[in-house]
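Sequence order for the protein chains is A and B. Each step along the first sequence adds one to the number in the numbering used here, with nothing skipped, and position 64 is 64. Here the numbering used here = 1-based position in the second sequence + 1000.
Please keep in mind that the hints were generated in silico from the structure rather than gathered at the bench. Fair warning: this is a prediction, and the values are worked out from it, not measured in the lab. Hints should not be assumed to be uniformly reliable.
[To be verified] When the alpha-carbon atoms are kept at most 20 Å apart in a straight line, the in silico SDA-like pairs for lysine to any residue are as follows:
id	chain 1	residue 1	chain 2	residue 2
1	B	1045	B	1156
2	A	104	B	1063
3	A	92	B	1226
4	A	123	A	112
5	A	92	B	1080
6	B	1085	B	1063
7	A	106	B	1239
8	A	92	B	1158
9	A	104	B	1239
10	A	78	A	66
11	B	1143	A	52
12	A	123	A	171
13	A	110	B	1161
14	A	74	B	1147
15	B	1080	B	1066
16	B	1143	A	41
17	A	92	B	1239
18	A	106	B	1080
19	A	74	B	1146
20	B	1170	B	1234
21	A	104	B	1226
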Amino acid sequence: MIKVVDLYKSFGSLEVLRGITNEIHKKEVVCVIGPSGSGKSTFLRCLNLLEMPTSGQVYIDGVSFMDKKNDINKLREKVGMVFQQFNLFPHKTVMENITLAPVKVKGVGKDEAREKAIQLLRKVGLPDKDYEYPNKLSGGQKQRVAIARALAMDPEIMLFDEPTSALDPEMVGEVLQVMKQLVEEGMTMVVVTHEMGFAREVGDRILFMDEGIIAEENTPAELFQNPQNPRTQSFLSKVL
Amino acid sequence: MSKLVEVINKLAAGVFIVIMEIVTKLSDEIYFNLIRDDRYLYFVKGLGVSIQLTFYAALIGGAIGILVALARLTNNKVIKVIAEKYIDITRGTPVVVQLLIIYFAIFASTKIPRVVIASIAFGINSGAYVAELIRAGIQAVDKGQMEAARSLGLSYSQAMYHIIMPQAIKNILPGMGNEVISLWKETAIAGFIGLEDLMRGAEIVRARTFSNYTPYLVIALIYFYITALMTMILGKMERRLRKSD
């Protein structure tokens, strides 16, 4: 579904990604873990070209994301993204946040987009918040709206960039709950996370990143119980 | 006792005379500077010219400002450098000099009305300041907003229009108000190219009446009250924008 080949990314002289090759399959849930500064977020952001890789290839459904001939906006429609800082549009209501992209990008009718938004809000457990502005919502509510906003574009894959890291502890659960629901519905997901419990429970595959490469990858059971790479061992011993 | 009354009477008479003098002087000033030969028309017409200049210059400046701000934010090096140079040069030279160069050098042999030329000159000058205001206002919007918009499939210009600009306007508006207010006062140099604006109106009247300060006092009041009016309108607009917070 998404394939990256030999991905490199540098910021000036700082090499953040140093050759990543991997493939995420349909309906797969991949969790990316690793110490901070290991390039997890950069890797995720390269998957929808929010960061332009220095070299390498990103394919979505076999179509190159990097090829200038292909419409990057069209490809991004297939990839939903949820950010650590939510990034809701503060000048728009929850409803407008959700319906903006379907209406403006996909040309969906306003009424249809609204109906869909109401369904999505019900799904994330916020059925009565449609006319609130984001600043009236708690962090957990904001993140759930952000998930609904991404889902409104009917993405084929969802990227989560540390979705619970900016939340107060008591709100982490409600967001993870919504994400678990997505997993059950068979959404393809890549999740950068520090929630090891979540990764272990719902991940089909764990990527452990360190110093810009995927240092180890395995099923959660194997990787958490029986890490092979000494760096994975040392990381897990610190966080578990 | 009668002596005291006498003193008070004399004093009262003195005060009365002084007041009469002032009143006479004042009415003379008003008569000669405003009423005689319909001289008030110089102020009224001048006010019209000044307002016109400010209005058109603000429009031109705003348009230039938006374009130049976007030019400064692009990745195209050539366009970026041109925009930066324009801002440097415009901010680095006096408006009067720019006005005279544009009038005498660039539009020297054209039949374009002076009001238009002056509007263009002031607009070009103001554009540089507006561009910087807009650029700063756009850059103050959280980077995540553009990323979220792009991740949803919006193009750069759609994201700018629907997401970034509406938020940037709140940052830009107060500075923009100041810019229009300084523009309004800067137009007082339009007389340099022979435009009969408010300032020039006062000078013409002074040349007729030899009043040293009355014409200037009159236009100072006019400039002041128009500025106060603009400040009030801007305050209302800002309060309105803040409501959605």
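Evaluated hints:
no.	hint	result
1	B:1045 / B:1156	violated (46 Å)
2	A:104 / B:1063	violated (25 Å)
3	A:92 / B:1226	violated (35 Å)
4	A:123 / A:112	holds (17 Å)
5	A:92 / B:1080	violated (32 Å)
6	B:1085 / B:1063	holds (18 Å)
7	A:106 / B:1239	violated (35 Å)
8	A:92 / B:1158	holds (15 Å)
9	A:104 / B:1239	violated (29 Å)
10	A:78 / A:66	holds (15 Å)
11	B:1143 / A:52	holds (16 Å)
12	A:123 / A:171	holds (17 Å)
13	A:110 / B:1161	holds (19 Å)
14	A:74 / B:1147	holds (15 Å)
15	B:1080 / B:1066	holds (13 Å)
16	B:1143 / A:41	holds (15 Å)
17	A:92 / B:1239	holds (18 Å)
18	A:106 / B:1080	violated (32 Å)
19	A:74 / B:1146	holds (17 Å)
20	B:1170 / B:1234	holds (12 Å)
21	A:104 / B:1226	violated (42 Å)
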